[in-house]
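There are 2 protein chains.
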Amino acid sequence: MAKITLKQIAETLGLSIATVSKALKDYDDVSPTTKAKVKALAESLNYKPNFLAQSLRNQESKTIGLVIPEIVHHFFASIISGVINAAKKKGYLVIVLQSSESYEFEKKQIELLLDKNVDGILVSLADNTVNYKHLSNLIESGFPIVLYDKISKSVHCSKVVINDQKAAFNATKYLIDSGCKKIAHVRGPLKPQTTIDRFIGYKNALKEYDMEFDKSIVFEASNLSLENGQDIAKEIYENHKEVDGVFAFTDLTATGVMTGLQKFNVKIPDEISIMGFSNWLITSITSPKLSTIDQPGFEMGKKAFKLLYKEIQNRKAKVEVEFKTVELPAVLVIRESTR
Amino acid sequence: MAKITLKQIAETLGLSIATVSKALKDYDDVSPTTKAKVKALAESLNYKPNFLAQSLRNQESKTIGLVIPEIVHHFFASIISGVINAAKKKGYLVIVLQSSESYEFEKKQIELLLDKNVDGILVSLADNTVNYKHLSNLIESGFPIVLYDKISKSVHCSKVVINDQKAAFNATKYLIDSGCKKIAHVRGPLKPQTTIDRFIGYKNALKEYDMEFDKSIVFEASNLSLENGQDIAKEIYENHKEVDGVFAFTDLTATGVMTGLQKFNVKIPDEISIMGFSNWLITSITSPKLSTIDQPGFEMGKKAFKLLYKEIQNRKAKVEVEFKTVELPAVLVIRESTR
DNA sequence: CTGAAAGCGCTAACAC
DNA sequence: GTGTTAGCGCTTTCAG
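Chains A and B, in that order, give the protein sequences. Taking our numbering, the leading residue of the first sequence gets 1, the next gets one more, and so forth. Taking our numbering, the leading residue of the second sequence gets 1, the next gets one more, and so forth.
Do not rely on the hints blindly, as some may be mistaken.
In silico BS3-like cross-links for lysine-lysine, where the CA-CA straight-line distance does not exceed 25 Å [to be verified]:
no.	chain 1	residue 1	chain 2	residue 2
1	A	K3	A	K25
2	B	K133	A	K48
3	A	K35	A	K22
4	B	K318	B	K90
5	B	K153	B	K182
6	A	K166	A	K207
7	B	K316	A	K116
8	A	K89	B	K90
9	B	K182	B	K166
10	B	K263	A	K289
11	A	K173	A	K215
12	A	K116	A	K306
13	A	K289	B	K267
14	A	K89	B	K107
15	A	K3	B	K316
16	B	K25	A	K88
17	B	K310	B	K267
18	B	K62	A	K108
19	B	K108	B	K133
20	A	K35	A	K7
21	B	K3	A	K107
22	B	K62	A	K267
23	A	K39	A	K90
24	B	K88	A	K133
25	A	K324	A	K90
26	B	K289	A	K289
27	A	K215	A	K166
28	A	K48	B	K116
29	B	K207	B	K191
30	A	K62	A	K37
31	A	K116	B	K310
32	B	K90	A	K107
33	B	K153	A	K88
34	B	K318	B	K89
35	B	K267	B	K107
36	B	K3	A	K116
37	A	K3	B	K3
38	A	K25	B	K316
Calculated directly from the structure, the hints in this document are not laboratory data.
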C-alpha cells in the first residue's frame, strides 16, 4: 500500500525520473524497449500517479464543485446523480456542497471550492440570492461556471434549465383541453425564476384560450408543506366553489390541495382536476395518482456537467468560450388526478 | 482573481518566502512587526494558500470520499447531507460517488478516491458486495475507513449503524401490543445485513410474546416497488385471511401492501395494521398515513464523519486507533396505519 | 529573528 | 533516446 512513485521505478530500473514519466505517457522520444520495461514494472508495482502532484503541476485538479440548494430533495438528488455520472466518464470527481437556500452559504461554499482548486463549479442559485457579484466576478475572471435549474438572467454564463414556462403552459392547456373552466394556480414564493415562469406559463395558457385571468384564485404557498396545500384547499372549497381545476407549482403542494379537498368530500378528478409539478415519488402513491410534469433531473445534471466540461476544455485550449443556455423539455405525465 | 502566492507577498515585502509562510502561521520565531506587516498585506491581497501545494507537502488533502449505494433515495440523501455538514465544520470537503449497489463499481469508486488522495473514505456496502478484500486490505494498510448503514461483520473497522434488530423488534412489539394476532412480515433481499436484522427483530418479538412464527407469512420482496407490495397484498388477501398486521421492511413496500389491500376493500388499520420502515416523505402522504420507523440518516452521516475524522487525527498523531461500532436509535413513528 | 535549501511527486523545455 | 534542470506553491529543518 505504500505509495509507489516515479522515483522508485526510475531507481530500480536505473533510469531517470523524466524518462520514466515520459515512457508512461507514451512520448515518441522514448525507445520501445524502455517503454515496455517501464510499463511492465509500473504495472506490476501497481503504480498510480500522485494526483496532487499532477494537479499542482498541471494546474488542474480534475475535480469540480457542485453547489446544490437542498440535497434531501428528489429532484436535486437526481441532479447530483446525473452530474456525478457524467463527470465520472470524463475522469472528474465532484465535491458536493449544500447552500441550504442561503445566499451567505452559497457564497462561502463557492469560496471553499475555489480554495480547493476545483476546475469549475456548477451552481443552482439559493432562493434568497439576489446579488450576483460573487458569480459574475468569477466568470469575468475566466473561471468556468455553469448555472443549472435556478438561474438568473443577470448572470452571464452557460445555463441549463427546464423550460418551466412552456411546461406550465402545457399543464394548464391540458387542464383546459380536458374541460376545466376555472383553473386556480398555487404558486411558490416570489423569488425564484422557476416559480415566476410557471406562473407566466399558466397565465399565457389562459390567455391563449380566452379564459379570464382571475387574481383571486392565484394562491401563494407560504411554505413547501402538505399542510399549506391543505389550507389552500380549504380556501378554495369555502370561497371559490367555481374552481374545477388546480395547477400547483410542486407535487407536495398539489398533494396537499388534493387531500385537503378530499376532506370536504370533493371528488378528484370528477369535480376538480389537480395537476402537480416535478414528478416526485409521491405522485404514484397518492390516491388518485397525481398528474404532473416530469422534471428531468438526471438529464439536467448530465447536461450541466457536459457544458462545464466543454468550457473547461475550451478555456484550457484558449478557445473563445461562448455561453449558451440549454433548455430541457419537461413532459406531462398524466395519471389519475386529472380528467 | 489571479492567484496570490507566498512568493508575491515575499517579494513586495522584501522578505523571504519562508518568513512569510511562518508569519502567516504564527510561528513564535517571527517578530511581531513582520507578522503584522505580512498579515496585513495577505489580508488586503486576499491571499489564499494553494490547497494542492499544501496537500502535496503535508500529505493530506482535507477531502474525504463518500461511497453511497443510491443517491436518489431519501435516507441516503439525508446521510450525504449529514456527512457534508459535519465535514464542513472540520474544514473537510466531500467527494460523493455512487456504487449503484454494484460491487464492481464500489471497488472502482474506492480506487478513484484513493487516487485522489482523499484522507479517508466512508462506505456503505453495495447489496451484491460479498468479497471484502478491497476494504480489508486498505484498512490493514492503515487507511481510515468507516462503514455506515450497510456494513459487514467481517470487515474490521469502525462502523455506524442503526439498530435495525431492535427497531424491528419494537415495531413488531407495537403491533402485538395494539392487538394484532397474526403478523406477516415482508422482508427484503437476502443479502444486506439490515434486511436480516429486521427479520430477526420481527422473529424475536414474536418469540418474546409467545406468538407462533409462521414461515408462510414471511414474504420476500423481489424489488423495491409499489407494485411488488401490491402483489404481496394480493397473496395475503387471497391466501392468508388470518393476517391482521403487516410489518414491511421499507415504506414503499408497506405502502404497496396497504394500497393493494385497499383495492380489496380491506380497512386499514381496522382490519389490518400496517407498519413500514424508514420514515420517508411518502409516509405522511398515504391515506391513512403510514406508521413507520424513523431512520436518522442525517445523524448517521454526521456520526460517520466524526468517527472517520477521529481516526484520521489519530492516525496522524500515530495514536493507536481502536475501532468502534456506534448504534443509532431508530424511533417508532406512529401515524394512522396501525391500531 | 530571518532566510537558504531541500523536498513533496510530477512535467516539460532543453540539452546532451 | 535519455537525462538535466527548473518549477508548480508550500512547509520545515537548519544555518546564520
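Verification of the supplied hints:
1. Straight-line distance between C-alpha atoms of K3/A and K25/A comes to about 19 Å, which keeps the hinted pair within the 25 Å bound.
2. Between K133/B and K48/A the CA atoms are separated by roughly 19 Å; this keeps the pair inside 25 Å, and the hint holds.
3. With a C-alpha separation of about 8 Å, the suggested pairing of K35/A with K22/A holds against the 25 Å cut-off.
4. At roughly 20 Å between alpha-carbon atoms, K318/B and K90/B fall within 25 Å of each other, so this suggested pair holds.
5. For a cut-off of 25 Å, the pair hint linking K153/B to K182/B is broken: about 32 Å separates their Cα positions.
6. Among the hinted pairs, K166/A with K207/A is consistent with the structure: their alpha-carbon atoms are about 14 Å apart, no more than 25 Å.
7. Of the pairs offered as hints, the one joining K316/B and K116/A holds, with about 21 Å between alpha carbons and a cut-off of 25 Å not exceeded.
8. Simply put, K89/A and K90/B have alpha-carbon atoms about 30 Å apart, too far for the 25 Å limit, and the pair is violated.
9. The straight-line distance between the Cα atoms of K182/B and K166/B is roughly 20 Å, inside the 25 Å bound, and the hint therefore holds.
10. Taken as a hint, the K263/B and K289/A pair is honoured in the structure, with Cα atoms around 14 Å apart against an allowance of 25 Å.
11. Only pairs whose Cα atoms come within 25 Å are accepted, and K173/A paired with K215/A is accepted, the gap being roughly 18 Å.
12. Restraint check: the Cα-Cα separation between K116/A and K306/A comes to about 21 Å, which is no more than 25 Å; the hinted pair holds.
13. For the hint pairing K289/A with K267/B, the CA-to-CA distance comes to about 20 Å; that is within 25 Å, so the pair holds.
14. Taken as a hint, the K89/A and K107/B pair is honoured in the structure, with Cα atoms around 16 Å apart against an allowance of 25 Å.
15. With a C-alpha separation of about 17 Å, the suggested pairing of K3/A with K316/B holds against the 25 Å cut-off.
16. Distance check on the hinted pair: K25/B and K88/A sit about 37 Å apart at the alpha-carbon level, beyond 25 Å; violated.
17. Taken as a hint, the K310/B and K267/B pair is broken in the structure, with Cα atoms around 51 Å apart against an allowance of 25 Å.
18. Pair hint K62/B plus K108/A holds up; C-alpha atoms about 17 Å apart against a cutoff of 25 Å.
19. Distance check on the hinted pair: K108/B and K133/B sit about 13 Å apart at the alpha-carbon level, within 25 Å; holds.
20. As the CA atoms of K35/A and K7/A are separated by approximately 16 Å, the hinted pair is consistent with the 25 Å bound.
21. For the hint pairing K3/B with K107/A, the CA-to-CA distance comes to about 18 Å; that is within 25 Å, so the pair holds.
22. At most 25 Å may separate the alpha-carbon atoms for a hinted pair to count; K62/B and K267/A exceed this at roughly 57 Å.
23. A threshold of 25 Å between alpha carbons decides the hint, and for K39/A with K90/A the separation of about 23 Å falls inside it, so the pair holds.
24. Proximity of K88/B to K133/A is assessed by CA-CA distance (about 24 Å); at most 25 Å being required, the pair is judged to hold.
25. With a CA separation close to 21 Å, the supplied pair K324/A and K90/A stays within the 25 Å bound.
26. At roughly 16 Å between alpha-carbon atoms, K289/B and K289/A fall within 25 Å of each other, so this suggested pair holds.
27. For the given pair, K215/A sits about 21 Å from K166/A by alpha-carbon distance, which is consistent with the 25 Å threshold.
28. For the hint linking K48/A to K116/B, the alpha-carbon distance of about 10 Å falls within 25 Å, and the restraint holds.
29. For the hint linking K207/B to K191/B, the alpha-carbon distance of about 24 Å falls within 25 Å, and the restraint holds.
30. For the suggested pair K62/A and K37/A, the alpha carbons sit about 29 Å apart, so the restraint of at most 25 Å is broken.
31. Between K116/A and K310/B the CA atoms are separated by roughly 22 Å; this keeps the pair inside 25 Å, and the hint holds.
32. Among the hinted pairs, K90/B with K107/A is consistent with the structure: their alpha-carbon atoms are about 18 Å apart, no more than 25 Å.
33. Among the hinted pairs, K153/B with K88/A is inconsistent with the structure: their alpha-carbon atoms are about 30 Å apart, more than 25 Å.
34. For the hint pairing K318/B with K89/B, the CA-to-CA distance comes to about 23 Å; that is within 25 Å, so the pair holds.
35. Pair hint K267/B plus K107/B does not hold up; C-alpha atoms about 47 Å apart against a cutoff of 25 Å.
36. Proposed proximity of K3/B and K116/A is supported: the alpha carbons are some 12 Å apart, at most 25 Å.
37. For the given pair, K3/A sits about 30 Å from K3/B by alpha-carbon distance, which is inconsistent with the 25 Å threshold.
38. With a C-alpha separation of about 34 Å, the suggested pairing of K25/A with K316/B is violated against the 25 Å cut-off.
Checked against the numbered hints given earlier, the structure breaks hints 5, 8, 16, 17, 22, 30, 33, 35, 37, 38 and satisfies all the rest.
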